[in-house]
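Undergrad: With the hints as constraints, model all of the structure from the sequences given.
If you read the sequences in order, they're chains A and B.
The first sequence stops at residue 283 when you use my numbering, and every number in between is there.
The second sequence stops at residue 1651 when you use my numbering, and every number in between is there.
No lab work stands behind these hints, which were simulated from the structure alone.
Be aware that one or more of the hints could be misleading.
[Stated by the list, open to error] If you anchor each label on the Cβ, the simulated ranges turn out as follows:
(1) B:Gly1405 with A:Gly77: 24 to 32 Å
(2) B:Leu1527 with A:Gly58: 20 to 28 Å
(3) B:Ser1496 with A:Gly245: 55 to 63 Å
(4) B:Trp1383 with A:Val248: 49 to 57 Å
(5) A:Val248 with B:Pro1428: 28 to 36 Å
Note that the structure is predicted; figures quoted are calculated from it, not measured.
We put the CB at the ideal spot given by N, CA and C, even for glycine.
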Amino acid sequence: MGSYQHAQDNWFAAFIIVFIAAAVLINIWRARAGKQLYIRRIPGLDAIDEAIGRSTELGRPVTMIPGLTAFGVEAVQALTIFKYITKQIARFATPMRLLTANPTVYAVAQEAISDAYNEAGRPDLYDPDSIRFLSSEQFAFASGVAGLLQRERVAANFMFGIFFAESLIFAETGNIVGAVQIAGTVSFTQVPFFVAACDYTIIGDEFYATSAYISREPVLLGSMVGQDLAKLAFGSLVVGGAVLSTILGPNHPVIQLLGKPGGWEPFMQWLSQVLGRG
Amino acid sequence: MFDTRENIWAAFWMIGAAILIFALIPLLQTLPPRGRYLLIAFVTFIAGLFFAAEFFLPVDEKTGKNFLTDPFQRLQGSLQVITALSLGLGTYGLIRLHLRNAVQRRAQWGYSIVLLVSFVTMAFFSVWNTLAEKGLLGVQRTPLLERAFTLLFDYTLVQLDATMFSLIAFYIFSAAYRAFRIRSVEASILMFTAMIVMIGIVPLGKFISDSIGLPIMMTDEMRTNPFALETILYSLRLPEVANWILNVLNAPVQRAIEFGVGIGALAMAIRLWLSLERGIT
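TA: Printed below as a string of structure tokens:
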């Protein structure tokens, strides 16, 4: 077994984690207390309903692909979005396919999609065969998805999750069959491919904003505000660190604290010296 | 199978955990929705607390461990067991779907037959090979196994994988064509920048820079005088410009996205830990 990271390795990083957690929780509490919070428009998410409408008109299926996402926070987020899409689909009885490469995601997706049909009041439309585990091998999965997109001539293709080299195979195949495509990923190396081949692309932390945007739940909106505060703090740290590094030099204890693992101890020694002198 | 005391204990732990899980299922079904939610939230919180405590508690300087590190490692191993179990579930779902397709002669049922035959053949030779490799159940390697395994895995599966990967090259062409069509100011900037990077990182960039007489090397004198004409001309070499675009313009944007993603993931993890995320739970 390899060694694991601990807070003791870099107390400053641990402090940042606690700060982000506090920012998120305090804003969730504020949102729950009734504070009105604003979230900016994300065109890709507004287009979800439009894409579903097109599928319904054409009578062709909607596909949802969580990529090679293992079961974790990305998978939960992707399935949350797919659950919302399924609820919309259930209103119009549009056929859907959810294709996964991870067996754990497959098991959870079955429950989530079944719940979505129940919540939409159409449990009769739920077909367990519409959620498919194709293969855990990257390119076997890619060929399975590409084949299904071609054979079923899908009208809308939603790709949310973690993607690798197979992303372009999905996006280009969807483009060839004329599907409206909306992709959202945290894998920034795949973003250019999605931008080139999809109608809308949701990048970076917008992916995590999706559930808040769709549901408008106070808890999620509060969390978003907390995330933004944390980003602001990070931005300030980057700018402040650059200025201080220029003035103090890269080996100063303050710079070591900000930018180097194990920078806590030299900083504390320096601080005690400064305070001792004072 | 288990030849050490530790493995036997690990097996007992896993069996115990399985019994506990199966005992919890009827309990969950008898509880009212509110009670069910509270029980799940409690278990989730305790599990999350375990991981958080392992990270935040001080560790021994010599071993780099605290008292939760060893159980933490075992727990990670048990997560693999869960994944392996769910792989069986996924495979079952796949076989069930294609068996139905074949039996009920649904549309394109021929593909299902191909899948089922391929699945059984690959699984048969894979299991046979594993047993022979590990010398289990007295299974030996035979010429038939050698030939079939090579044919199926090395000459078929690996080649099919490579074929799918190679397809990406053609898809990149068509995607790049659409991305680089000059339709707006932004698309024009994208096209221009991409051209510089593409030419700059291949030998053509060096050839063009050399041909128009730009300095070939950065000398010590140029390093000490960044505003000299020679230094400025050197920095206009296409490989240098391409590197500058990648390292100075592109890298900070990628890092900024990574910051956002990291914060988003942490916020999501906190919501899941405290059962505040109600999307699929």
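Undergrad: Does each hint hold? Answer for all of them.
TA: Now the hints, each set against the structure:
{"no.": "1", "hint": "B:Gly1405 with A:Gly77: 24 to 32 Å", "result": "28 Å, holds"}
{"no.": "2", "hint": "B:Leu1527 with A:Gly58: 20 to 28 Å", "result": "41 Å, violated"}
{"no.": "3", "hint": "B:Ser1496 with A:Gly245: 55 to 63 Å", "result": "56 Å, holds"}
{"no.": "4", "hint": "B:Trp1383 with A:Val248: 49 to 57 Å", "result": "53 Å, holds"}
{"no.": "5", "hint": "A:Val248 with B:Pro1428: 28 to 36 Å", "result": "33 Å, holds"}
Checked against the numbered hints given earlier, the structure breaks only hint 2 and satisfies all the rest.
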